[in-house]
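There are 2 protein chains.
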Amino acid sequence: MTVNGGGYFRQLPLFAGIAEESIHRLELHAEFHSFPRGAVIQKQGAIPTALPVLLEGAVLLLGGVRTQRPAVVDIVRAVDVLHLAPVLSATPAPTSVQVVDPAAAVLIPRAAVHKSVSADPHLAYRLLTLLGSQYDALVAQVKDLKARNASQRLAAYLVELAEDRGARVVRLPYDKRLLASRLGMTPESFSRALSTLRDYGVETRSSEVSFSDFEQLRRYALPDGHDCDEGDLRD
Amino acid sequence: MTVNGGGYFRQLPLFAGIAEESIHRLELHAEFHSFPRGAVIQKQGAIPTALPVLLEGAVLLLGGVRTQRPAVVDIVRAVDVLHLAPVLSATPAPTSVQVVDPAAAVLIPRAAVHKSVSADPHLAYRLLTLLGSQYDALVAQVKDLKARNASQRLAAYLVELAEDRGARVVRLPYDKRLLASRLGMTPESFSRALSTLRDYGVETRSSEVSFSDFEQLRRYALPDGHDCDEGDLRD
Numbered sequence: 107m108t109v110n111g112g113g114y115f116r117q118l119p120l121f122a123g124i125a126e127e128s129i130h131r132l133e134l135h136a137e138f139h140s141f142p143r144g145a146v147i148q149k150q151g152a153i154p155t156a157l158p159v160l161l162e163g164a165v166l167l168l169g170g171v172r173t174q175r176p177a178v179v180d181i182v183r184a185v186d187v188l189h190l191a192p193v194l195s196a197t198p199a200p201t202s203v204q205v206v207d208p209a210a211a212v213l214i215p216r217a218a219v220h221k222s223v224s225a226d227p228h229l230a231y232r233l234l235t236l237l238g239s240q241y242d243a244l245v246a247q248v249k250d251l252k253a254r255n256a257s258q259r260l261a262a263y264l265v266e267l268a269e270d271r272g273a274r275v276v277r278l279p280y281d282k283r284l285l286a287s288r289l290g291m292t293p294e295s296f297s298r299a300l301s302t303l304r305d306y307g308v309e310t311r312s313s314e315v316s317f318s319d320f321e322q323l324r325r326y327a328l329p330d331g332h333d334c335d336e337g338d339l340r341d
Numbered sequence: 107m108t109v110n111g112g113g114y115f116r117q118l119p120l121f122a123g124i125a126e127e128s129i130h131r132l133e134l135h136a137e138f139h140s141f142p143r144g145a146v147i148q149k150q151g152a153i154p155t156a157l158p159v160l161l162e163g164a165v166l167l168l169g170g171v172r173t174q175r176p177a178v179v180d181i182v183r184a185v186d187v188l189h190l191a192p193v194l195s196a197t198p199a200p201t202s203v204q205v206v207d208p209a210a211a212v213l214i215p216r217a218a219v220h221k222s223v224s225a226d227p228h229l230a231y232r233l234l235t236l237l238g239s240q241y242d243a244l245v246a247q248v249k250d251l252k253a254r255n256a257s258q259r260l261a262a263y264l265v266e267l268a269e270d271r272g273a274r275v276v277r278l279p280y281d282k283r284l285l286a287s288r289l290g291m292t293p294e295s296f297s298r299a300l301s302t303l304r305d306y307g308v309e310t311r312s313s314e315v316s317f318s319d320f321e322q323l324r325r326y327a328l329p330d331g332h333d334c335d336e337g338d339l340r341d
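Protein sequences, first through last, are from chains A and B.
Just add 106 to wherever you are in the first sequence, counting from 1, and you've got our numbering.
Just add 106 to wherever you are in the second sequence, counting from 1, and you've got our numbering.
Quick caveat, the hints were computed from the structure, so don't treat them as lab data.
No residue lacks a Cβ here, since even glycine has one placed at the ideal position from N, Cα and C.
Take these hints with a grain of salt, some might be off.
As the list claims (entries may be wrong) - Example chain A residues on the side facing chain B (calculated, C-beta under 10 Å, incomplete):
#1 135
#2 169
#3 171
#4 175
#5 177
#6 234
#7 242
#8 254
#9 258
As the list claims (entries may be wrong) - Estimated spans, in silico, between C-beta atoms of each pair:
#10 207(A) <-> 278(B): 28 to 36 Å
#11 304(B) <-> 117(A): 58 to 66 Å
#12 325(B) <-> 197(A): 19 to 27 Å
#13 122(A) <-> 153(B): 44 to 52 Å
#14 197(B) <-> 207(A): 23 to 31 Å
#15 281(A) <-> 279(B): 40 to 48 Å
#16 311(A) <-> 225(B): 51 to 59 Å
#17 145(A) <-> 304(B): 39 to 47 Å
#18 184(A) <-> 137(B): 37 to 45 Å
#19 197(B) <-> 301(A): 31 to 39 Å
#20 298(B) <-> 310(A): 30 to 38 Å
Required output: the full structure, derived from the provided sequences and hints.
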């Protein structure tokens, strides 16, 4: 199903203020698709033929090294643009994309993306800032993986989840095996981390988590900060 | 020291084929700086005022969470462009930048970058593919941190180092504490990982590392691959 005339893109904040002509060029050969849970939108290692704009649902970015079960590099919720980097440079996708919550996406052929970006510096700038925010999110994740231990990573995840929801009782949005992989730990470490967090007022019943001392948990999670001494690693 | 007329940028593959006018605009207010080991070019959390183009040397991207020693998110060698994302979107830098090998860099004021990119879609596209390759490198690192254990990460690092150098005896380019942090482990885990790798033919004398069975080490390091089953994490 082509999206031309559907006006999908005009409704997206991503394309706000972008010239009609560029939006038209992107929509011209774009196709709208629905994907069930488990569907693979992109295979790691293959060069993407189209840019997926995720309109609904959520996907896993799965990264594998040989013989190992693939790790959850990230979980991406709509609305977002996937695999901008390999689409623009026509290089192999660094991860697979697999649907975890039933998804709808518009697939824009690579040639149309290339043409539109090459012709419209405002669109190019918009995509640069988008890719930049995705880059920053990955940097934050690398910091998380290197500077926090497993329990602190889970604490930081729960603090962010509760703050996003504005609630002190939250439901885990994904099963524990998937969240464990996203947070860079085994399911066993995830369970141990949950036990550790009981000392910080975290109670779990099935997938529901409640907090009796949120500030203590927050301190334990070590929020990002700049009060560290950059000199520490010099010598 | 301004670089106008120095022709620095024309010599960089990064700017090959970019219009004279754009290069001139970038060079106009750019400044050339030398930095000694230990110098901090950018502080985490501050909005960068200029885009550093690293021409010589190497820097650490240091990411900190409160009260902890900052982690080495990455080690970047010349020639590369640093902090493209926060410069373009005028957002706080996600990491500090600290010199580890004496460095030379050209600093291009943010306004000049913004103006040049907004006016020249070819320059914008070039920066998009550059940021894309930096993004892909971070994805590879997240995969490394989640899918390999500490010894496998060190093995993968050594395999890449030896292949880059085209040699079977290599010198570690940085001290062990710094490499440990880059690879997401403590100095103690790094030493244990080195011991484990003895079983795979890795011999270490001070900072010199030699390999007696490179293929075995390579297999142990689990090269990136796509023979994993994406279905594994569905249920």
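How the hints compare with the structure:
no.: 1; hint: 135; in the structure: violated, 20 Å
no.: 2; hint: 169; in the structure: holds, 4 Å
no.: 3; hint: 171; in the structure: holds, 4 Å
no.: 4; hint: 175; in the structure: holds, 5 Å
no.: 5; hint: 177; in the structure: holds, 4 Å
no.: 6; hint: 234; in the structure: holds, 5 Å
no.: 7; hint: 242; in the structure: holds, 5 Å
no.: 8; hint: 254; in the structure: holds, 6 Å
no.: 9; hint: 258; in the structure: holds, 8 Å
no.: 10; hint: 207(A) <-> 278(B): 28 to 36 Å; in the structure: violated, 44 Å
no.: 11; hint: 304(B) <-> 117(A): 58 to 66 Å; in the structure: holds, 60 Å
no.: 12; hint: 325(B) <-> 197(A): 19 to 27 Å; in the structure: holds, 25 Å
no.: 13; hint: 122(A) <-> 153(B): 44 to 52 Å; in the structure: violated, 23 Å
no.: 14; hint: 197(B) <-> 207(A): 23 to 31 Å; in the structure: holds, 28 Å
no.: 15; hint: 281(A) <-> 279(B): 40 to 48 Å; in the structure: holds, 41 Å
no.: 16; hint: 311(A) <-> 225(B): 51 to 59 Å; in the structure: holds, 58 Å
no.: 17; hint: 145(A) <-> 304(B): 39 to 47 Å; in the structure: holds, 45 Å
no.: 18; hint: 184(A) <-> 137(B): 37 to 45 Å; in the structure: holds, 43 Å
no.: 19; hint: 197(B) <-> 301(A): 31 to 39 Å; in the structure: holds, 37 Å
no.: 20; hint: 298(B) <-> 310(A): 30 to 38 Å; in the structure: holds, 33 Å
Violation of the numbered hints given earlier is confined to hints 1, 10 and 13; the remaining hints are satisfied by the structure.
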